[in-house]
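Each of the two chains sits in its own frame; use the hints to bring them together as a complex.
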Amino acid sequence: MKHSPGLRLLLWALLVAVAALSSVGFFADRVQRALTLEGAAALAADLVVEQGRPVPDEWLQQGRALGLEVSRIVTFPSVLFIADRPQLVQVKAVEPNYPLRGELRVRTATQEVQAPPQPGQAVVAKRLALLLDARTTVPLGELQLQVSGELVDEPDLAANLFQLAPRLMVSWEDAQRSGLLGPASRARHRLLLAGDARQVAAYRDWIKPRLDKAAELVEVDGGRPELSTAIERGRRFLSLAALCASLLAGVAIMLATRRFVDRALDEAAVLRTLGMTSWQVLWHYLQRLLWVTLIGALLGSLLGYLVQLTLVGALGDWLGRDLPPPGWQPLGVSLSHAAILVLGFSLPTLLAIRRVPPLRVLRRDLDPPGLPQSLLSLLAVCVYGLAVYWQVDDARLAGSMSIGMVAVLAVFALVAWGLLRLLRPLRRRGGLAVGLAALSRQPGLTLMQLAGFGLGITLLLLLALVRVDILEAWEANLPADAPNHFLINIQPDEVQAVDALLRQHGVSGSGFYPTTRARLVAINGEPVQPENYDNRRARRLATREYSLGFGAAMQDDNRLLAGRWWAAGQPAFSIEEGLAENLGLAPGDVLHFDVAGEALQAPVTSIRSVAWDSFNVNFFVQGNPVLLQGLPHAVLTSVHLDESQNALLQQVTRQFPAVSVIGIGPLLEKVRGVIARGALAIEAVFLFTLAAAVLVGLAAVQISREQRASEIALLRTLGASHRQVLRLVLSEFLVLGLLSGILAALLANILSVVLARELFELRTGFSPLLWLVGSLLGVGVVGLLGYLATRPLLRAPPMQLLR
Amino acid sequence: MDAPGGGSLAILRGIDLQVNAGEALAILGASGSGKSTLLGLLAGLDQPSSGEVSLLERPLQELDEDQRARLRLGRVGFVFQSFQLMPGMTALENVRLPLQLTGQADAQVQAERLLRDVGLRDRMSHLPQQLSGGEQQRVAIARAFAGPPRVLFADEPTGNLDSNTGEQVEQLLFDLRDQFGTTLALVTHEQRLADRCDRVVRLDAGQLDA
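Protein chains in written order, with this note's numbering: chain A, 2 to 804; chain B, 35 to 244.
Chain B on its own, in the form it takes in the complex (with noise of 0.2 angstroms):
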């Protein structure tokens, strides 16, 4: 990993991960300690310096960025601890967009019904900065399973919420995985969260400890 100062920096080192179909794993570990590096690298997001990652049976480092992108496209969900939602859009246009985007013909159906399963039918016509944190995330898990994606990466999910909002997103967010049968990838520094979880893994200065 290329650091600011122009030298390398090794954020991760030594790691062998696989994460199976259908499967919820937890990456556990203390600030700093790469585990959202992890995530990006395991979602094509970023390139490792070396070694080889495979998403749904390509390796990455032989796709370029926007094969990289396409193969995300309708596939792969995420949901981020500062939720990441379009500011200038409803509730109900920032679900559609991925949708709009793999050209799905009824994408504002699904969008409503998304919206409508997460609790948020009253809220669709509202901005992100109209909406409390707790609906935010929801408006973004609602999105994440627009698709409905193959494989979802959660980066601290409950992060910026509160312990009672973040139990209910939480909830939320297994049961659409229930439902779905999506696999899961989820860093977070609770245990609560990755108890929750098939199989957890912790990573302590950029090496897994399994």
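Looking at chain A on its own, in the form it has when it is part of the complex (with noise of 0.2 angstroms):
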């Protein structure tokens, strides 16, 4: 490899692409594995069975005897009498070792403590121990306990966030000897198991033909939408920049197989002169590549490995826990990823060896025909599509991957050809002229290091501008007033003394929205049975009970995928785009729900996005507010409060005591948490890119290099001085220079605008600073890289050159 800078610079664009994926990859995967385990968190076990009556003990010996850790909750409304005021309260009683997964956090008055409570001992929400004031002791049936501490947080809040009364958490034996769980009482029973996978799966297998209907079967789906949806996201983000380098890490690819082919063509002719058939010279040079993409692939990989730690050590908090190891999956997809880059970016162009004219011995200008670089480029951008689905598993996204992409070449190409053809009458000029010249030199070559360049200088402006505005936008989504409390169960007539109550402290809500509880119980018709269901996730959104939410117009963070919003009067649901597609729902499909014995019906007519992460009031299924009418319902609204304000809390409760309140602030600085930590990681990917982006500038000007030494050995043998050789080569890389950087402040403005618009459904406007920056980088960059590249030719003397 000493002898063919070829291959050394094909080495390390392998090496910045595998690097740069397989960090991401490991990075990802780890994150995976811990959004598992928050899913987990969120049921506070691996696997929960839940039904109205007692849990057999045969079920618990069965966990037990396959190894699992099985824990049992029982849930019940009771009501306390406080200073002779009813208070609905919801029991949530519990074994020792709960929870199995996740965290549970209670206040007690001196510290922070992770244990339930012990017999005798309650723990009460934030609401009831206002309603309780200094009163150490709550009521339980014959019970009476002692209140050891306030609920900061329980890991199974998600699965019924929205509870109307607030929590009770009682120890098991208390609430068995409390006489409040006769057999008329309306408790749910919780089995929690939790272990290896395996073992859940067994015990899953076991269970299932021994469950009645009015038994569920509770598994593990992707946690909470606002934290999945952040840090899928984020992953879309480090996802795309980890692409984005692999994707210049090709094009570098491709200029460098370039520079081999041409400088091992003479040997190639040689050897077909000795004798070697084509395949056999093909073989002879296909080894190299062979060998220079598993050690790029291999070398590359374990930089990627390294790099991941070195995230994981610096955002490695992302959720809050540590994160579990990675497995070995991205090592694979990095590993072939190696391949697909070769095969498409490589390969293509070094097939044209074999054809090599043994006749090259004797005339060194003729050529092997070999596919025009307009096809090559197609194959590898064809090839590249192909990469990105695999790896972001988004056909959507690697189609305009590949779409744009393709645009992008055929916009340089033009481009170039129009401005080549444009500039010719200034090539009578005589300062211009061999810089103009050179770039007709070859055509095909001037269009690959404008491709190179343009697009190196579109993705760094892309990341290094584009990234900043993304990511405000994202941020903006959540600002520092963002909702933190739901006040739910709001009785309509009670709408406006709330809000007068709200304003007179200073405080807006986000409007008022009526809701009311329903279960889906047909589509079209036709019942719904979990069984018609293949996924474990549609499952559940078809046995489970939604909030329905009602309002005019569309939030403003929602997006209209599918359908139209629905005119005045129209009865009509509208529904979020990953509960329609779990359910296969459609704009057409008309749903029929059970609100508390009264049927309501009416047709989907839009699916749209919801952005989770905001924080706004969402409903995954949203109707038209006619559908109300005769409906049984509630209010509810979200506020911004600070730590002062829990008087207002306070008097709220009092005042409508009918109203929960529900406070999501750890849920609301975990997110954020997510926010800031995934730009943290964007920031880091983006090192990469600009890796990869120095890599294509250097291929790009190093692929001409030979006819630039001959030419500048020329012009110095016709008696030009060392400045106006310089003058005249630098003319060449300052237009192809200024041409790159105006493509892609071009390019760069169109696909920040789409990227953010279709990728991470934020809104971006248009930057005059793109333009600006791009030209200036175009013409800087490259012109400084011509230069690096220009000054050792011409130090040498003249006849070194032309020998």
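Derived by calculation from the structure, the hints in this document are not laboratory data. For every residue, glycine included, the Cβ atom is placed at its ideal position computed from N, Cα and C. A couple of the hints might just be wrong.
[To be verified] Restraint-style ranges between C-beta atoms, simulated for each label pair: (1) A/Arg-792 / B/Gln-52: 51 to 57 angstroms; (2) A/Arg-356 / B/Asp-212: 46 to 52 angstroms; (3) A/Arg-792 / B/Ser-159: 31 to 37 angstroms.
[Unchecked claim] If you want the footprint, here are the derived chain B segments under chain A, 3+ residues with CB under 8 angstroms: (4) 48–56; (5) 209–218; (6) 226–236.
Written as structure tokens, this is what we have:
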């Protein structure tokens, strides 16, 4: 490789591509694993069996026999009398090992602990603590329990975020002794199970046939939508940045291969005259390429793993927990990606070597008949599209990126051709003649250089400038005063009074939204059966209770994906995209809900995306308010409250006993953390793109090095001075740089708007700064690279270059 | 002379040679005898490790690379075995290039006249790759005489051409040389070409037989 700068460059390009992809791959894998754990935390277990009757001992024993950890929970509503006023509470009795997954946080008088209440003790929600005031005991049936602390966070709250009554957490034994768990009680019994995946699967298989219709098996799914949306955005950002690096590396690989082949042709012609068959010649060079691929891929993966460790070191508490170690899958993906890059960007160019005419030993100007550059590029784009699809498993993204690249190359080719034609009259003027002549020397090569520089600058602009725009838009999604409390179960006739009370304290809500609990019973007249759905999440969605929300207009952070928003007075539903996808719903389908015994039915007229991480009030199913007529419903709003506004909370709960206040501060902070750390991670991955862009620049300059060397020698021989030669040669790079810069600015501007809207569902505008920076960057960077590449050639005596 | 291995290699030794104004000198020798190296030293394209070379009464070892280039500018022409045309430039642009480098206002007119003189009136806007070997060398000769030069160095000017074309190019070279009264230093291994010169020196293993 010592004598083959082309291969050396190729190795570097592969190293960067694989390192970028594998570091993001490893990191994303670990975050994904952590998310699964997060999902488990949201259940407080890996698997939950829930039913109205106590859990039979046999179920527990079987769990233990399989090596699983087991724990029981029973929840039931109860009424406490506090200062002679009745207060509905949701009692949750837990065993000492609760929770099996996730974290329970209880604030006692002195510290924060993670232990559930012991017999004789009770832990109360903040709202209940406010009502209890200075009282230190709570009654539970026949017992009086000591209040031992305030509930800060319980992992499996998400499943029941909108419960109406405040939580009273007690020990399992106390619940049994309270006398409240008679046969008529409305208790829900849950069996929590946790262990390794195989044991859990074995238990699931065992329990399934034993469950009756009233029992439900709850499994881990994606966790809370607010968090998973934020993380999914982060992952897309990271993948995109890594793919940009790998795309650039691909271009560098293509350019490097071209240089390698150009230099190998003479040797290949000699090998042919010595009697090697065309396939033998190809194999001779292919072996080198394969070795370089293998070494580049392995070293790249190693580097990627190390970078990932650094990422984790810096951002590991992304989810507020230690990340689990990564699996081996990302390694396989990156190695295959290296192979794909070489296959798409390198091999087609290398194949030309097979057809080198032996006569080249006599006539050096004889080139092998090869595929035209445009076809080679198209081939590379197709292969790249497949790689993207494989990497991010998103056909839309892969398709749009591939089509985008073809469009980019076509635009580059067209503009390059047009501009060179347009500039032709300038060739009569001495200064630009050499530069322009150099550019029209080999149009295919010029296009490659233009595409290389142009793509490099485009991606730099995108990641350097647009990244800031997009990240700002992302962060703006979650402003400092994002709602951190929900007020739910406001009675329709209380809305005005609640609103007045909030305003009086300078708090403005996000608006008041009527809601009602409902169960989906049929779609298009067909009863909904969980067993009709293959996927776990769909089965769960089919059986869960929905909070139907009502509002005439679509929320600001929603986006219409299909269908139309309803007309005033039209009975209709709008469905969130994930729900629509899981249940296979489309505009036109009619949904039948059961609302406390009343039937409610209307067609779906639109599918919309929801920015769950905005923390605005949002609903999976939103209905036109005309549907509300005659239905029992309550109203909810969300507000931002400071720590100092506890008194207001107290006043709300006192004045409106039915109203429940739910704090989502911890979740909000978690999402905020994901955004901040996500932005950091993207900046880290951005460095790879930078490295790849530099490699592309080097490759693009190197590719015409021999040609340029002989031209410089000739100019020197003819008597051109140092300065004259520099000016003449630099004119080539400056024209190239300016063209690439302008094209890159145009492209980056279009792409930024499209990307922000299509991929991240964020809005950004056009930036005039892009154009200025793009052009300057083009002229500056390409000019500098050109200067650096030309300088050593200027120093060599002309004779040396002519030999 | 530094050899690629890092040691030094004596290519030329004890050379004492003078080419007079208006004279045509042929340097004859076998491959590897050092002919091209000698030509490069004479033209100031390279520097000897020891010894002195003067061109147009200027001692080259006292000049730096840029000063040597300036000395050649407009005064020295070259014809190479492998033509050495700028591949991205048309025949006309190639001939115009040295005239533009010296800043001549009528570069275009002069270049067109020279190309007509070498019989390429209809090939002016062709790129080198669109021309035959003989035509390319004629463009190179037209370029070499743009100026016109006081000294012309030619390195195997017919080496890449068949004998017929070679003879035509050779004729052209000497016709123009007579027309402009240019001093000619020519490297060749062809006796026939050498015979057309005023004087012939033989180079053997880096030494002049004279």
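(message) Hint compliance check: list the failing hint numbers for this structure, sorted ascending.
(response) Per hint list: 1, 4, 5 and 6 violated.
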